[in-house]
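Q: Chains as they are written, first to last, in the working numbering: chain L, 14 to 199; chain P, 3 to 276.
No lab work stands behind these hints: they were computed from the structure.
Treat the numbers as computed from the prediction; the structure is a model and nothing was measured.
All residues carry an ideal CB built from backbone N, CA and C; glycine is no exception.
Errors might be hidden in some of the hints.
Cut-off 20 Å, straight-line C-alpha distance, at most; resulting in silico cross-link-like pairs (DMTMM-like, lysine to aspartate or glutamate) [said to hold, decoys possible]:
#	chain 1	residue 1	chain 2	residue 2
1	P	186	P	258
2	L	190	P	7
3	P	186	P	273
4	L	190	L	130
5	L	187	L	113
6	L	187	L	198
7	P	276	L	113
8	L	25	L	15
9	L	187	P	270
10	P	276	L	109
11	L	190	L	113
12	P	276	L	114
13	P	145	P	99
14	P	276	P	234
15	L	187	P	111
16	P	186	P	165
17	L	187	L	114
18	P	186	P	101
19	L	190	L	107
20	L	25	L	57
21	P	276	P	128
22	P	186	P	209
23	L	190	P	6
24	P	186	P	161
25	L	190	L	133
26	P	276	L	133
27	L	187	P	6
Below, a sample of chain L positions facing chain P; criterion: calculated Cβ distance under 10 Å [what the hints assert, rightly or not]:
#	residue
28	40
29	80
30	131
31	138
32	159
33	191
Interface residues of chain P toward chain L, partial, derived using beta-carbon atoms under 7 Å [stated by the list, open to error]:
#	residue
34	11
35	15
36	20
37	23
38	26
39	76
40	77
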Amino acid sequence: MDDSEIISMFFKRDERAIEEARRRYGSICRAAAENILGRGEDADECVSDAFLAAWESIPPQRPAALGAYLGKTARNLAINRLRAMRAQKRGGGEAEAVFDEMSTVVHGAPSPEAAAERRELLRAVNGFLASLPPERRGMFVCRCWYFDSISDIARRYGRSENYVSVSLNRTRAKLRKYLIERGFDV
Amino acid sequence: MTSEEFITVFGGIDDDFVLQARSPAVKKRVSPALSAVCLAACAAAAVLAGVFYENTTVLSPDAPHALEINAPAVAMSSVTFNELDPLAPDAARAYYDPELYDTVALDGETVREYYGRDLTPPYVPEGLSPSESSGTAQFIIGKDGTVAEDTVWLHYYRDFYADGSPMPDDGIPIPRGFTLGVSKLGLIGCCLYLHDEVSATDIAGTEVTFGHCAMPYGPYAPETHEPSGYYDLYTAEFTVGGVSYKLTAERLTAEDVVRTAASIICGEPVDIIK
Chain L
14 MDDSEIISMF FKRDERAIEE ARRRYGSICR AAAENILGRG EDADECVSDA
64 FLAAWESIPP QRPAALGAYL GKTARNLAIN RLRAMRAQKR GGGEAEAVFD
114 EMSTVVHGAP SPEAAAERRE LLRAVNGFLA SLPPERRGMF VCRCWYFDSI
164 SDIARRYGRS ENYVSVSLNR TRAKLRKYLI ERGFDV
Chain P
3 MTSEEFITVF GGIDDDFVLQ ARSPAVKKRV SPALSAVCLA ACAAAAVLAG
53 VFYENTTVLS PDAPHALEIN APAVAMSSVT FNELDPLAPD AARAYYDPEL
103 YDTVALDGET VREYYGRDLT PPYVPEGLSP SESSGTAQFI IGKDGTVAED
153 TVWLHYYRDF YADGSPMPDD GIPIPRGFTL GVSKLGLIGC CLYLHDEVSA
203 TDIAGTEVTF GHCAMPYGPY APETHEPSGY YDLYTAEFTV GGVSYKLTAE
253 RLTAEDVVRT AASIICGEPV DIIK
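Build out the structure end to end from the sequences listed, making use of the hints.
A: Structural data, given as structure tokens:
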């Protein structure tokens with residue numbers, strides 16, 4: 014069953030849509046949630062909430078890539094939960110390390126984000142990612158989007174952990190330079 | 003902007019990037035021997051076995067970033083230090099019957115000819131200098147011309163006594179620096195590790211076994227025998243280009259130890275990422 018068939022089931026309010034979506038994309042959602050929150054109840058709840066959110070948003074949404082849509086939902090839910098947990102001084106997973114690493118790219122004080130500013134930034138980031146060789150881009154996305162550990166990325170890409178660490182470090186430095194050149198206040 | 007805000011924005015990247023990251027096309031890595039030939043043809047600057055971005059980037063001329071030769075670098079987070087047994091006994095020296103073997107003193111130039119290269123590490127921590135005898139050797143050679151022992155010792159310390167042995171320079175009775183043993187025959191002797199399973203660290207395709215021990219130093223309290231303090235002893239053992247190396251460092255930082263070992267492997271100074 015492909016994405017369009019599953020989305021049709023969402024539109025027909027056929028509850029098997031969730032089962033099929035979970036079968037096909039449960040691993041992406043689980044990876045994002047567990048990498049951010051660590052394994053356990055919190056991550057499980059995020060994954061379930063992601064499919065529930067998809068049920069409630071499709072329709073009217075008709076995602077072009079269902080896997081990415083579900084993954085992004087799970088990721089956002091996990092980040093929100095992590096924020097709440099950090100407020101209560103709990104936490105887990107790789108997210109803290111990724112936040113620390115990205116502070117070498119941007120390190121300003123918290124500021125109110127206009128929607129337009131975020132769109133511009135996202136456009137720039139997509140442009141940056143498009144300029145990278147596929148392997149380097151993939152490793153960076155695995156780290157900053159999926160919050161994969163260095164060792165998991167090394168295993169997935171058939172590289173040493175040292176290679177991955179240095180590649181990520183250089184990509185972060187390049188991204189910072191790219192954003193500054195385009196006038197972003199980082 | 004905070005990193006958290008950025009990470010949230012990053013969540014909205016192109017769907018294709020999100021999905022492609024999960025299914026990389028993992029290329030077959032080329033053997034070090036073949037990469038050495040190709041890198042020589044490309045006139046790469048670094049030691050062939052140790053170049054960080056060799057293999058798929060350099061050997062695929064049609065790849066868009068094929069000639070991106072980056073300075074080698076090592077991330078400290080990828081280095082594992084195995085704990086050493088501080089009471090490991092020194093290995094007893096082998097006895098070579100003078101009827102059958104000669105002890106031959108070799109100067110630095112002859113050692114360089116034997117090893118085909120200058121054994122001076124491309125990176126030496128600041129403040130250290132070589133002893134006068136550093137890089138010379140006494141080989142044990144059989145009457146038939148066979149080399150039985152070929153270990154060369156290089157000593158880099160802050161200061162030396164008149165006889166060439168390392169001298170402490172700051173009130174703590176342990177000199178600061180390192181000794182590097184080099185041998186083609188692999189006769190330097192190995193360290194005794196506390197655990198059966200020893201973890202190696204990959205540096206540019208070479209497996210390095212790093213060791214650490216917190217060593218006590220005196221004077222020792224007469225009643226309790228408590229030491230005055232502890233210093234870090236680090237070791238690094240590896241084989242590259244058919245030559246075995248053993249680095250033993252006293253009172254240096256872990257970063258300096260890794261940087262020195264990595265510079266030998268890569269043939270040039272190496273960046274360290276903390």
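Q: Taking the earlier hints as the rules, which of them does this structure contradict?
A: When the structure is compared with the hints, numbers 1, 3, 9, 15, 16, 18, 19, 20, 24, 26 and 33 turn out to be violated.
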